[in-house]
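Protein sequence lines, in the order shown, are assigned to chains A and B.
Position one of the first sequence corresponds to residue 72 (this note's numbering), numbered consecutively onward.
Position one of the second sequence corresponds to residue 32 (this note's numbering), numbered consecutively onward.
Among the hints, a few may not be true.
[What the hints assert, rightly or not] SDA-like mimics (lysine to any residue), calculated; alpha carbons at most 25 Å apart, straight line:
(1) K81/B - G119/A
(2) K132/A - P78/B
(3) K188/B - E163/B
(4) K132/A - T178/B
(5) K64/B - R385/A
(6) K64/B - K83/A
(7) K61/B - E406/A
(8) K132/A - F177/B
(9) K202/B - P87/B
(10) K64/B - M288/A
(11) K170/B - P87/B
(12) K64/B - F371/A
(13) K72/B - A101/A
(14) K61/B - Y100/A
(15) K132/A - R103/A
(16) K64/B - P299/A
(17) K72/B - Y148/A
(18) K202/B - T178/B
(19) K139/B - K170/B
(20) K64/B - V384/A
(21) K136/B - M148/B
(22) K61/B - P115/A
(23) K211/A - S106/A
(24) K64/B - I162/A
(25) K136/B - V200/B
(26) K83/A - I162/A
[Unchecked claim] Stretch by stretch, here's where chain B covers chain A in the computed footprint (C-beta under 8 Å, at least three residues):
(27) 103-109
(28) 385-393
By construction, these hints were calculated from the structure, which means they are not laboratory data.
If you're wondering where the values come from, they're calculated on a predicted model, not measured in any experiment.
Beta carbons are placed, not taken as given, at the ideal position from N, Cα and C, and that holds for glycine.
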Amino acid sequence: MDWFFIITSLLKITILLGVILFMVSYAVYAERRVSAFIQDRLGPNRVGPAGLLQPIADMFKLLLKEDFTPRSANTFYYSLAPGLAVAPAIITIAVVPFGSTLFGVPMVVADVNVGIFFVFAISSLGVYGIVIGGWASNSKYPFLGAIRSSAQMLSYELSLGLAVIPVFLLVGNLRLTSVVRYQIEHGWFIAAFVGDWMNPWKWLLAIPMIISFLVFMIAIFAETNRLPFDLPEAEQELAGGYNTEYSSMKFALYFLGEYAAMITGSAVVVTLFFGGWHFPGIPDGYHGWVFGLINIAVFFTKVAVVIFVFMWVRWTLPRFRWDQLMRLGWLFFFEIALVNIFLVAGILAYGPRL
Amino acid sequence: MAITVPRPRLTWRERWYLPTIAAGLAITFKHFKNTLLGRTKVTMEYPEQKWDAHLPDYYRGAPALVSDAGGRVRCVACQLCEFICPPRAIKIIPGEIPPGDRFAKVEKFPQEFDIDMIRCIYCGMCEEVCPEQAIFLRKDYAITGFTRADMVHHKEKLLEIGGVMHGVVLKWNEKK
């Protein structure tokens, strides 16, 4: 453990955390603008040019509000829960490679060899923030939201895990940096046939990969409580769900956690299916620090596009009913993801080496 | 009587969700694109753009006292508006016009004339009941203040909003 490693790691952590928090605050702004545009409105456009200072005004509003704790709430868990909702979402980003290299330093905070396991293990802890918060509020609507959240988690975590197995069958390694390396050499998983147009096996492989992507994307929607599956916070049914009793900074932390989870989810989607920081024709950071910076920019641009898709879907689809969600999760996506694994395994077993 | 709601039979394409979801996404994206490019007509942006020029003549805004062309306050403090006012927003303290005055036969004038704009419901009854054509509902609608006292319009404020009214009957003019 040398000093160079420690200092660069601390620098990366600090900068990445800053970038994530910046993205969270502007994701909230973007969400409001995108929803407004979709609904033929203008959205927040008063604070600063085109409303760009709105997140700062929002932050001050939330900081200055009264931090109210209901008397019947369990104070310890009530205060603990918002932190539990934020931390996993931010920790998960540590294993995602957000760039190639910069001055020889790999642009990933922790390149652990269990990459995707780490992502699933930590990101599913986010549900504890919701469950504990809903329970500690000692109020019926938050409690219902918490129950819904845990049940939804159980039904979607399974397809989430199974959907990415084809990716790792191909890569043969759980390290997220090797997933990116593989995609640079063999084409992005969303379009697996790229680079090898003549090979019919590659075209055959593209079908299960697209199915895998769709299932994973839908499961990420459910995991981050985004709209078609936002049953835990269903405003119309549960008066705000698990965060009904929260105010001020505690509410802001929940909000931050939700958007941080969305950014992390997008980053994982980008890494697994859209080639991470790779863009055709742009070399990696070993060819000069300019390319290193461009790689980082490419990664965050891709993340922003995926976040836009999240918002676009949110303002298009209505919420699923509870039994519909359960049926989709257990009778549909679980089976599809399972069959998909066998498809890819069959292609790998009987086809040539891909 | 029970009503049977007909459930539409979905085609296999609709039951498969994905094509219909794609169609929905296309619709919302069209709206997003059109608003972004400024093709959609959006709501008027209020403080910068106002509709004032288009307010109709019968618009009922803040009630105000008017002066006639000679500069005389038309109100004779008969207090009919005070009595008719449904929310009792008007308060008048009448004064006597001294005998030597040119308009001595009018006898009364409003020493104080207050309209509480928190109470006012803009019904226009004061305008209808006034025998002197002295109070009119004007087009001012943004009545604001920091305190309750700010929201009471005194005589000076009412005359300022009202201004001079032309084309009203000048029945106290002795030359007629």
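Here is how each hint holds up against the structure:
{"no.": "1", "hint": "K81/B - G119/A", "result": "22 Å, holds"}
{"no.": "2", "hint": "K132/A - P78/B", "result": "23 Å, holds"}
{"no.": "3", "hint": "K188/B - E163/B", "result": "20 Å, holds"}
{"no.": "4", "hint": "K132/A - T178/B", "result": "24 Å, holds"}
{"no.": "5", "hint": "K64/B - R385/A", "result": "16 Å, holds"}
{"no.": "6", "hint": "K64/B - K83/A", "result": "37 Å, violated"}
{"no.": "7", "hint": "K61/B - E406/A", "result": "34 Å, violated"}
{"no.": "8", "hint": "K132/A - F177/B", "result": "21 Å, holds"}
{"no.": "9", "hint": "K202/B - P87/B", "result": "29 Å, violated"}
{"no.": "10", "hint": "K64/B - M288/A", "result": "24 Å, holds"}
{"no.": "11", "hint": "K170/B - P87/B", "result": "9 Å, holds"}
{"no.": "12", "hint": "K64/B - F371/A", "result": "22 Å, holds"}
{"no.": "13", "hint": "K72/B - A101/A", "result": "21 Å, holds"}
{"no.": "14", "hint": "K61/B - Y100/A", "result": "21 Å, holds"}
{"no.": "15", "hint": "K132/A - R103/A", "result": "16 Å, holds"}
{"no.": "16", "hint": "K64/B - P299/A", "result": "22 Å, holds"}
{"no.": "17", "hint": "K72/B - Y148/A", "result": "49 Å, violated"}
{"no.": "18", "hint": "K202/B - T178/B", "result": "39 Å, violated"}
{"no.": "19", "hint": "K139/B - K170/B", "result": "28 Å, violated"}
{"no.": "20", "hint": "K64/B - V384/A", "result": "15 Å, holds"}
{"no.": "21", "hint": "K136/B - M148/B", "result": "32 Å, violated"}
{"no.": "22", "hint": "K61/B - P115/A", "result": "21 Å, holds"}
{"no.": "23", "hint": "K211/A - S106/A", "result": "30 Å, violated"}
{"no.": "24", "hint": "K64/B - I162/A", "result": "35 Å, violated"}
{"no.": "25", "hint": "K136/B - V200/B", "result": "17 Å, holds"}
{"no.": "26", "hint": "K83/A - I162/A", "result": "13 Å, holds"}
{"no.": "27", "hint": "103-109", "result": "holds (count 4)"}
{"no.": "28", "hint": "385-393", "result": "holds (count 3)"}
Consistency note: the structure conflicts with the earlier hints numbered 6, 7, 9, 17, 18, 19, 21, 23, 24.
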